[in-house]
Amino acid sequence: MIVGAGMVGAACAYYATAAGLSVALVDRGPVAGGTTGAGEGNLLVSDKPPGPELELALLSLRLWQGLAAELPGALEYEAKGGLVVASTDEGMTALRALAAEQSAHGVGAEEVPPERLAELEPHLAAGLAGGIRYAQDAQVQPALAAAQLIRAARRAGAELLSGTEVTGMLLGPDGAVRGVRTDRDGQLACGAVVNAAGTWGGRIAELAGVRLPVLPRRGFVLVTEPLPPLVRHKVYAADYVADVASGSADLQSSAVVEGTQAGTVLVGASRERVGFDRGPAVPVLRRLAAQAVGLFPVLAGVQVIRSYRGFRPYLPDHLPAIGPDPRAPGLFHACGHEGAGIGLAPATGLLLARLLSGAPTELDTSVFRPDRFPTRMQEVL
Amino acid sequence: MSRDPLGLVRARPGPGFEFSFDGEPVPALPGQSIAAALWASGRVSWRRTRQSGAPRGAFCGMGVCFDCLVEADGRANVRACLAPARPGAQVRTQEGTGHDHRA
Chain A
0 MIVGAGMVGA ACAYYATAAG LSVALVDRGP VAGGTTGAGE GNLLVSDKPP GPELELALLS
60 LRLWQGLAAE LPGALEYEAK GGLVVASTDE GMTALRALAA EQSAHGVGAE EVPPERLAEL
120 EPHLAAGLAG GIRYAQDAQV QPALAAAQLI RAARRAGAEL LSGTEVTGML LGPDGAVRGV
180 RTDRDGQLAC GAVVNAAGTW GGRIAELAGV RLPVLPRRGF VLVTEPLPPL VRHKVYAADY
240 VADVASGSAD LQSSAVVEGT QAGTVLVGAS RERVGFDRGP AVPVLRRLAA QAVGLFPVLA
300 GVQVIRSYRG FRPYLPDHLP AIGPDPRAPG LFHACGHEGA GIGLAPATGL LLARLLSGAP
360 TELDTSVFRP DRFPTRMQEV L
Chain B
0 MSRDPLGLVR ARPGPGFEFS FDGEPVPALP GQSIAAALWA SGRVSWRRTR QSGAPRGAFC
60 GMGVCFDCLV EADGRANVRA CLAPARPGAQ VRTQEGTGHD HRA
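Protein sequences appear in the order of chains A and B. What the first sequence shows, in numbering that gives the first Met the number 0, is residues 0 to 380, in sequence order. What the second sequence shows, in numbering that gives the first Met the number 0, is residues 0 to 102, in sequence order.
No lab work stands behind these hints, which were simulated from the structure alone. Be aware that one or more of the hints could be misleading.
[To be verified] Here are the simulated distance ranges between beta carbons:
no., chain 1, residue 1, chain 2, residue 2, range
1, A, 361, B, 94, 44 to 52 Å
2, B, 54, A, 72, 47 to 55 Å
3, B, 17, A, 72, 29 to 37 Å
[Stated by the list, open to error] What the simulated footprint calls covered on chain A by chain B, stretch by stretch (three residues with Cβ under 8 Å from a Cβ of chain B suffice, anywhere in the stretch; the number is not a length):
no., stretch
4, 26 to 38
5, 222 to 230
Because the structure is a prediction, the values reported are computed rather than measured. Backbone N, C-alpha and C fix where the C-beta goes; we use that ideal spot for every residue, glycine too.
Using the sequences provided together with the hints, build the complete structure.
This is the structure in structure tokens:
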């Protein structure tokens with residue numbers, strides 16, 4: 000029983016079904032109704048320093064290539080590559096150092112001197128100190144990708160219960176999870192429950208009596224009117240990497256600019272921890288727009304037709320929770336991917352399918368164990 | 000039976016004026032949207048879609064569907080159903096994204 004029909008839940012359903020498991024996917028809303036539908040569809044290695052998240056991302060990008068070949072045209076998969084640019088020489092020095100470390104761990108990173116930037120991106124601002132091109136960075140349309148993976152899983156026998164909220168867990172006398180209680184479909188018994196509820200994963204954990212400190216980290220995306228192809232890569236300023244790694248609750252923003260197949264240009268990315276506040280945030284939008292025009296002056300005078308916001312599932316150490324929860328046997332977690340959930344979803348789904356069926360995993364998952372955070376209950380004990 | 004909304008609500012609008020659509024004069028009344036004036040002049044379609052070239056005009060009529068786009072006084076992607084007609088305005092058929100010169 001997978002709770003959450005976003006990108007990660009969809010990937011779990013896809014790989015678990017492929018592993019021969021009997022799968023039901025339950026979500027209180029529609030498919031991709033939460034953070035998945037509010038993202039940009041980033042499949043990035045460029046923003047990840049060497050470490051477990053990068054390993055997960057590299058595995059995931061290989062899986063995305065396979066999925067795109069298997070479901071041709073259905074995901075709006077584009078292997079467009081990323082271009083990270085620095086505005087100052089100091090910024091370029093830091094970027095170069097990061098790229099060198101990443102290169103040693105399987106990331107394709109190629110330095111682009113300032114005079115060659117215009118070859119890659121003709122509309123990029125003049126006067127930048129240089130950049131790094133990351134050939135592996137790619138993009139999908141996230142809601143479409145989640146829907147297609149769920150469709151493929153359903154063809155293979157998985158069941159989708161959308162509009163059905165999990166309201167409780169069926170617990171055995173030993174605290175083991177034996178099923179879920181729902182608002183619409185009564186009690187559903189199962190061999191294992193997978194918490195793929197993303198930003199709301201903390202609540203699902205709580206229903207099983209365990210703590211998983213997932214917090215929402217809000218981000219806005221601006222959408223321009225349709226334009227002719229102006230931006231070829233996923234282009235962002237080097238400051239973005241520092242913003243991603245920051246744990247601050249305050250607003251951080253750095254422009255991430257990319258074109259889409261529909262012609263609109265998407266401008267992210269802001270990060271702030273303000274709970275689930277959906278309210279308009281004109282200063283954030285203004286700052287994003289100014290930063291985007293700073294990178295691409297051609298965007299000045301272009302209209303923004305809408306903006307949307309989402310809540311990234313943030314865990315304090317910026318790593319997802321993947322695997323069985325020893326505090327509640329039968330409960331598995333696959334959530335807390337912050338802003339990288341689309342990119343990391345296939346690897347997460349594959350690893351989880353392996354763990355569910357007791358098969359060896361491609362990566363060591365111990366660093367993602369869900370009980371790594373101090374819990375109030377443990378403190379009491 | 001008259002289908003003229005002016006008669007139905009006994010409106011007494013101010014003096015009419017003209018704007019230009021692709022170089023041709025189009026009569027309009029104060030407060031009328033560009034789309035309403037184009038409709039009143041017998042034009043129901045004034046743009047073609049970017050991919051398939053299908054004809055488009057005012058569909059929702061309330062600013063949601065973005066089907067009725069025109070170029071008005073040099074500005075692309077203006078929703079004709081929301082933009083008021085103004086005396087002497089230069090309104091044109093929008094080609095492509097309206098921003099193709101930026102590429």
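Evaluated hints:
Range check, residue 361 (chain A) to residue 94 (chain B): about 51 Å between beta-carbon atoms, so the 44 to 52 Å window is met. Range check, residue 54 (chain B) to residue 72 (chain A): about 27 Å between beta-carbon atoms, so the 47 to 55 Å window is missed. For residue 17 (chain B) paired with residue 72 (chain A), a C-beta distance near 48 Å fails the hint of 29 to 37 Å. Taking a C-beta to C-beta cut-off of 8 Å, the stretch 26 to 38 of chain A contributes 0 residues in contact with chain B, too few for the three needed, and the coverage statement is violated.
Interface restraint, the stretch 222 to 230 of chain A with chain B: holds (6 residues with C-beta to C-beta distance below 8 Å; minimum three).
Hints 2, 3 and 4, counting from the list given before, are not met by this structure.
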